[in-house]
Amino acid sequence: MASTTPTHIEPAPPVSRSARSTGRAGDKIFAGLSKGSGVLLLVIMASIAVFLTYRASIALSKNEGNFLTTLDWNASANPPVFGIAVLLFGTVVSSVIAMAIAVPIAVGIALFISHYAPRKLAAPLAYVVDLLAAVPSIIYGIWGALFLVPQLNGLNLWLDEYLGWTYVFDKTQVGVARSLFTVGILLAIMILPIVTSVSREVFLQVPRMNEEAALALGATRWEVIRMSVLPFGRSGVISASMLGLGRALGETMAVATVLSPSFLISLHVLNPGGGTFAQNIAAKFDEANEFGRDALIASGLVLFLLTLLVNGAARLIIARRKDFSGANA
Amino acid sequence: MKLQRKNRLRASALGALVVSGALVLTACGSDDNTKTGADGTTKASAPAPGDIKCEGAKGKLLASGSSAQKNAVDLWVKNYMAACSGVEVNYKSSSSGEGIVAFNQGTVGFAGSDSALKPEQVEDSKKVCTGGQGINLPMVGGPIAIGFNVSGVDKLNLDAATLANIFNDKIKKWDDEAIKKLNPGVTLPSTAIQAFHRSEDSGTTENLGKYLKAAAPDAWTYDAAKKWPAPGGQAASGSAGVASQVKAVDGAIGYFELSYATSQSIKTVDVNTGAGAPVKATPENASKAIAAAKVAGTGSDLALKLDYTTKAEGAYPIVLVTYEVVCDKGNKAETLGTVKSFLEYTASDAGQKVLTENGYAPIPAEINTKVREAIKSLA
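Residue numbers (my numbering), protein chains in the order written: chain F, 18 to 346; chain G, 2 to 380.
By construction, these hints were calculated from the structure, which means they are not laboratory data. Any given hint could be a false lead.
Calculated pairs, DSS-like style, for lysine-lysine (alpha carbon to alpha carbon, straight line, at most 30 angstroms) [said to hold, decoys possible]:
#, chain 1, residue 1, chain 2, residue 2
1, G, LYS333, G, LYS182
2, G, LYS377, F, LYS188
3, G, LYS119, F, LYS79
4, G, LYS181, F, LYS79
5, G, LYS377, G, LYS333
6, F, LYS188, G, LYS173
Fair warning: this is a prediction, and the values are worked out from it, not measured in the lab.
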């Protein structure tokens, strides 16, 4: 970039002048329209925020339980008692499991497509991975409930028997695999395409010179990847993971279809039970009265803040690593 | 639009099915289907002219509520709209809660609900019903079946206390003493019991809870609520979800409307009520139990108090009654005529007969007479 900027200085003035306006009607209208679109976006965002906060505040003012610690969701009852502890826990745990599974696999696929696979194979493979993103989440849910859950029963028993001592994989309750662990696996599959395709793009942008320099020093292909591709792509992989995490946190129908929800916090991830924000909203909305809906909106606000926090953290990490990488230039 | 068309298509398919069923059933006896010719289905799907009175009905009537009565209402709407041209009835099958919210906001002509209006909901309804209030008209009855899937077991008898202990996680194996005692001569495996309940708030859960609380107060100490109250067990979404889990999992037990059990051929528990023999979950047996109900509402409100502890021979006690919720006075002028005319049909003999043919239980005659009077007095 730095080397190309001087050549762009000459044509720059006419571009910026025409961006302001030439005084022609078409320019004015277009400038007005694009300004209007920008303002409209801000207005929509602001009104969503105001709506969420207002409805949530109604719910919070009448909650008889503790919004942060109560292990129950009985918002339509009189008096209403509800808390987000279980939902926050379940959302975070299932997303963490999903990330732990999806990110290494996605980076592996991306590296294979960008650096190992012959071109004839790379293009169709990339296409197939992208195709995964086109499957509607309800289809993932049905597939998860009808195929994945019965198939995972064996894995669950195996994990329980050999890794039960880790506490996390200790299955203490009978039941099919409609657990946070299964949800994590399903979410991993769902976020795989987005993490893979963004990582792949980043890996393809690694300057040819860096790789050739490493090769010239006698590095093997794996050493090239370790020395030039991964450091260059790190911030890109992080932002790709955060995009995936965003989807995992907010996934609704697939989770609602697969999980057997309950209002218990348990680190035994193989036990059926738990819940996530989005799943709980989908499950409770139908039968909720007006106040119950306000309570669900309050939980939605927390999810909103959580996503905001995750995105903010991702931006921070990327900003700090900017110097090492050209991926965000 | 697309959805509506699909529903209409499905309703008409069902309608054709029911009418052909009705033709078979009514071949010997009943004579009110004089107009239904034996030749074409188009002619057959038009109900006898005497059943539906279209006077006063006009325009479009919106309604919303319980999905438990969806199949019945779909058929009623189909028959009704075929008889009264120019009138449109649109029942959105969502949930009791949503129906009542919509009713109290004044956006629907009537709502369907698995439970009678609660006092605070009646209070709210006074804002919509000028000079009146919301009332409950029992219209559709039905058994809640307890479905089970235990390999090698075809027939299972349970009583209220054992059911309660299974659903609150106290009885954990199928060869538990309590179950053995109720099923002499049946070889029960030592499979773990996997009890399934509804994950979302549901009128079916509330009605099962009412039964367990009334019939086994020592074992079931929870207040009946739409939300599942007991510990343990697993949850699934909707009656269809619970039924498919029970169908798929060995050692499973769950509850749902009878139609889900028949359509997926899931075996159902016979309930030991203390009567001479354990009672099967059938529409007729449910009707017998509903007949033992008392009217708890006052005036034209016909909310029922069901007798869950009935020991009457052949009365299946785990039942659900769906009410149509309307204003006794102060119904909107533009929908009043249609509401009256439509509900008159659903409460009529022909309307109630649609129920038996579809796994529902009709409302017993004594209560039904009061329902018809209440509908006549709507204003």
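Is it true that the CA of LYS333/G sits at most 30 angstroms from the CA of LYS182/G?
Violated, at about 57 angstroms.
* Asked: Is it true that the CA of LYS188/F sits at most 30 angstroms from the CA of LYS173/G?
  -> Holds, at roughly 16 angstroms.
Checking one constraint from the list: CA of LYS377/G to CA of LYS188/F, max 30 angstroms. Satisfied? violated, 60 angstroms
>> Run the distance test for LYS119/G versus LYS79/F: straight-line Cα separation, threshold 30 angstroms.
In response: holds, 20 angstroms
Need the status of pair LYS377/G, LYS333/G: alpha-carbon distance at most 30 angstroms? holds, 16 angstroms
So if I understand the rule, the pair passes when the alpha-carbon distance is 30 angstroms or less; does LYS181/G with LYS79/F pass? violated, 48 angstroms
Taken one by one, the earlier hints fail for this structure at numbers 1, 2, 4, listed in ascending order.
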